[in-house]
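K.L.:
Sequence:
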Amino acid sequence: MARGLELVEAEIEKALLVVVNEDESEDEIVENELEGLCEAAGVEPLATIRQRLDRPYKGTYVGTGKVEEIRDLAKEINADLVLIDGEVSGMQQRNLEKAFELKVIDRTQLILDIFARRARTKEGMLQVELAQLTYMMPKLMSVYTKFERQKGGIGMRGPGETKLES
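The sequence shown begins at 0 in numbering that gives the first Met the number 0 and counts up one residue at a time.
Since the hints were made in silico from the structure, they are not lab data.
Mixed in with the good hints there might be a few duds.
Simulated pairs of lysine-lysine, DSS-like, Cα-Cα distance not exceeding 25 Å [as the list claims (entries may be wrong)]: (1) K57 to K121; (2) K121 to K74; (3) K121 to K65; (4) K13 to K121; (5) K97 to K121; (6) K57 to K102; (7) K97 to K13; (8) K13 to K74; (9) K74 to K97; (10) K97 to K138; (11) K138 to K65; (12) K74 to K102; (13) K57 to K138; (14) K65 to K13.
Because the structure is a prediction, the values reported are computed rather than measured.
Given these sequences and hints, build the entire structure.
P.N.:
So this is what it looks like as structure tokens:
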């Protein structure tokens, strides 16, 4: 008796796009490019929020008012993730994920995901994995810097006591 294969369609993630730009004239170009990247990654863009900034805020990448606006819109449209067009630090990503209660990814993570989905050879898969791990390492290190307590002084050996040791 032959068994039939059941095809299961992968659920498409739905994203709220966040475009942070200092030049309003580039908004449409940036948004179209980000939507194209979403399509390549199998992500459905539901809506876009824009913010005009010279440089990102240290703790949350966007201002506190914009964080609330993003959180409210993401809930309203039932987004699965928030996609930020820019490079978000580990601390910023953690703070935003906590505020939104959603997964937050940045442009670089999206591009690496596209490469991961399309890699077919063993070598290609390993190269993409290496790129992903290399990209994630500083983010993970910035999240865990709170475990450092003190540094060794002159003539001391090693970095000193850390919270991880105790």
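K.L.:
For every hint, state whether the structure bears it out.
P.N.:
Hint by hint, here is what the structure shows:
no.: 1; hint: K57 to K121; verdict: violated, 38 Å
no.: 2; hint: K121 to K74; verdict: violated, 39 Å
no.: 3; hint: K121 to K65; verdict: violated, 42 Å
no.: 4; hint: K13 to K121; verdict: violated, 30 Å
no.: 5; hint: K97 to K121; verdict: violated, 36 Å
no.: 6; hint: K57 to K102; verdict: holds, 19 Å
no.: 7; hint: K97 to K13; verdict: holds, 19 Å
no.: 8; hint: K13 to K74; verdict: holds, 12 Å
no.: 9; hint: K74 to K97; verdict: holds, 14 Å
no.: 10; hint: K97 to K138; verdict: holds, 16 Å
no.: 11; hint: K138 to K65; verdict: holds, 23 Å
no.: 12; hint: K74 to K102; verdict: holds, 13 Å
no.: 13; hint: K57 to K138; verdict: holds, 14 Å
no.: 14; hint: K65 to K13; verdict: holds, 20 Å
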